[in-house]
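Residue numbers (the numbering used here), protein chains in the order written: chain Z, 292 to 457; chain C, 292 to 457.
Please keep in mind that the hints were generated in silico from the structure rather than gathered at the bench.
Keep in mind that the hints are not guaranteed to be accurate.
Unchecked claim - With a cut-off of at most 30 Å between alpha-carbon atoms, the simulated DSS-like pairs for lysine-lysine come out as follows:
| hint | chain 1 | residue 1 | chain 2 | residue 2 |
| --- | --- | --- | --- | --- |
| 1 | C | Lys361 | C | Lys446 |
| 2 | Z | Lys446 | Z | Lys361 |
| 3 | C | Lys359 | Z | Lys424 |
| 4 | C | Lys424 | C | Lys323 |
| 5 | Z | Lys326 | C | Lys424 |
| 6 | C | Lys424 | Z | Lys361 |
| 7 | C | Lys340 | Z | Lys446 |
| 8 | C | Lys340 | Z | Lys361 |
| 9 | C | Lys298 | Z | Lys298 |
| 10 | C | Lys361 | Z | Lys323 |
| 11 | C | Lys326 | Z | Lys359 |
| 12 | C | Lys340 | C | Lys323 |
| 13 | Z | Lys361 | C | Lys298 |
| 14 | Z | Lys326 | Z | Lys446 |
| 15 | Z | Lys446 | C | Lys298 |
| 16 | C | Lys340 | Z | Lys321 |
| 17 | Z | Lys321 | Z | Lys365 |
| 18 | Z | Lys321 | C | Lys424 |
| 19 | C | Lys326 | Z | Lys424 |
| 20 | C | Lys424 | C | Lys361 |
| 21 | C | Lys446 | Z | Lys298 |
| 22 | C | Lys446 | Z | Lys424 |
| 23 | Z | Lys321 | C | Lys365 |
| 24 | C | Lys424 | C | Lys359 |
| 25 | C | Lys321 | C | Lys365 |
| 26 | C | Lys326 | C | Lys446 |
| 27 | Z | Lys365 | Z | Lys340 |
| 28 | C | Lys361 | Z | Lys298 |
| 29 | C | Lys326 | C | Lys424 |
| 30 | Z | Lys365 | C | Lys321 |
| 31 | Z | Lys340 | C | Lys365 |
| 32 | Z | Lys340 | C | Lys361 |
| 33 | C | Lys424 | C | Lys321 |
| 34 | C | Lys359 | Z | Lys323 |
| 35 | Z | Lys359 | C | Lys298 |
| 36 | Z | Lys340 | C | Lys446 |
| 37 | Z | Lys424 | Z | Lys361 |
| 38 | C | Lys359 | C | Lys446 |
| 39 | Z | Lys359 | Z | Lys424 |
| 40 | C | Lys446 | C | Lys340 |
Bear in mind that the values here come from a model prediction, so they are computed numbers and not experimental data.
Number of protein chains: 2
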Amino acid sequence: MENIIIKARPIGIIHTPFEQAEGTPIQPVKGKGAKGWVEVDNAYVEGLKDLDGFERIWLLFWCHRASKYKLQVKPYMDTQVRGLFATRAPSRPNAIGMSCVKLISVDGNRLEIEDVDMLDGTPLLDIKPYAAKFDHFPVTRCGWIDAADHQGQTKADNRFFQEENK
Amino acid sequence: MENIIIKARPIGIIHTPFEQAEGTPIQPVKGKGAKGWVEVDNAYVEGLKDLDGFERIWLLFWCHRASKYKLQVKPYMDTQVRGLFATRAPSRPNAIGMSCVKLISVDGNRLEIEDVDMLDGTPLLDIKPYAAKFDHFPVTRCGWIDAADHQGQTKADNRFFQEENK
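For reference, chain Z alone in the conformation it holds in the complex (with noise of 0.2 Å):
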């Protein structure tokens, strides 16, 4: 594999209210209503132009909190541990994370949105508009996430973050 290095640049922040990975919804889907905001920087305005006719969107982001990752970990909707690869774990080696949260509004370089999962301050890498035509697979088998339905947590807790309260 080539030993390349890939250089990202934020082009925002994400507002939630979540300082702290306890508490914090695991998934969109479960964090319904809890609101923040995104700030975009205003180098990149001009590309938000059409984003407000769509209903949800992606946000690409950092989990600048995450620990170092382990290649095999246990799921908080899990009990049994998982290859890191077969879990959504924010520790992973790059870390990127990918929510699709509710879009409310965009008035310049603020963007309202709803269905928050991440930590407050998080750097925002990229957003992409979530098309049903483009994200809807019809699927039957999601693995151990399929048993995992009535199990398990909703919320996060601190395994997969750095030591929280400095």
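Given chain Z, put chain C in place with the hints provided.
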């Protein structure tokens, strides 16, 4: 906005039949059946455990041959100029692509996949399971994409890519 730089390192390479942008499907949903494979760096194989339970997986990758972004672009599927972040164009400030591909098999560090829409040799940044519970959102408004159903193209051209055949 803080002027931080985030460093990512590929965890593998995506192999596809597409050597050039011209003719490459513009989304997995448009690339039905196109076969490819993912070569995961051996250092990460342990993290692939349990992945084979999932019918589809998200691949996050670096659009390494995308040209420099413009904040307003004419998407493949449309005839009008749109804000970049309201499109899935590969040329972006952080050129991270995300595609939900079909997972056929996992053998050691090799994943056989289908419905590929990325160029051959694309650096892989992350693998996440596609979970209907996390990734299906019932939406009624998908902006300009709603109207673009039967117009426009399903294959890419060179508009977002660097000069090819170099």
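Tested hints:
no., hint, verdict
1, Lys361/C x Lys446/C, "20 Å, holds"
2, Lys446/Z x Lys361/Z, "20 Å, holds"
3, Lys359/C x Lys424/Z, "27 Å, holds"
4, Lys424/C x Lys323/C, "23 Å, holds"
5, Lys326/Z x Lys424/C, "20 Å, holds"
6, Lys424/C x Lys361/Z, "24 Å, holds"
7, Lys340/C x Lys446/Z, "24 Å, holds"
8, Lys340/C x Lys361/Z, "13 Å, holds"
9, Lys298/C x Lys298/Z, "5 Å, holds"
10, Lys361/C x Lys323/Z, "34 Å, violated"
11, Lys326/C x Lys359/Z, "33 Å, violated"
12, Lys340/C x Lys323/C, "26 Å, holds"
13, Lys361/Z x Lys298/C, "18 Å, holds"
14, Lys326/Z x Lys446/Z, "16 Å, holds"
15, Lys446/Z x Lys298/C, "28 Å, holds"
16, Lys340/C x Lys321/Z, "25 Å, holds"
17, Lys321/Z x Lys365/Z, "18 Å, holds"
18, Lys321/Z x Lys424/C, "10 Å, holds"
19, Lys326/C x Lys424/Z, "20 Å, holds"
20, Lys424/C x Lys361/C, "34 Å, violated"
21, Lys446/C x Lys298/Z, "28 Å, holds"
22, Lys446/C x Lys424/Z, "15 Å, holds"
23, Lys321/Z x Lys365/C, "35 Å, violated"
24, Lys424/C x Lys359/C, "35 Å, violated"
25, Lys321/C x Lys365/C, "18 Å, holds"
26, Lys326/C x Lys446/C, "16 Å, holds"
27, Lys365/Z x Lys340/Z, "41 Å, violated"
28, Lys361/C x Lys298/Z, "18 Å, holds"
29, Lys326/C x Lys424/C, "26 Å, holds"
30, Lys365/Z x Lys321/C, "35 Å, violated"
31, Lys340/Z x Lys365/C, "12 Å, holds"
32, Lys340/Z x Lys361/C, "13 Å, holds"
33, Lys424/C x Lys321/C, "23 Å, holds"
34, Lys359/C x Lys323/Z, "36 Å, violated"
35, Lys359/Z x Lys298/C, "14 Å, holds"
36, Lys340/Z x Lys446/C, "24 Å, holds"
37, Lys424/Z x Lys361/Z, "34 Å, violated"
38, Lys359/C x Lys446/C, "20 Å, holds"
39, Lys359/Z x Lys424/Z, "35 Å, violated"
40, Lys446/C x Lys340/C, "34 Å, violated"
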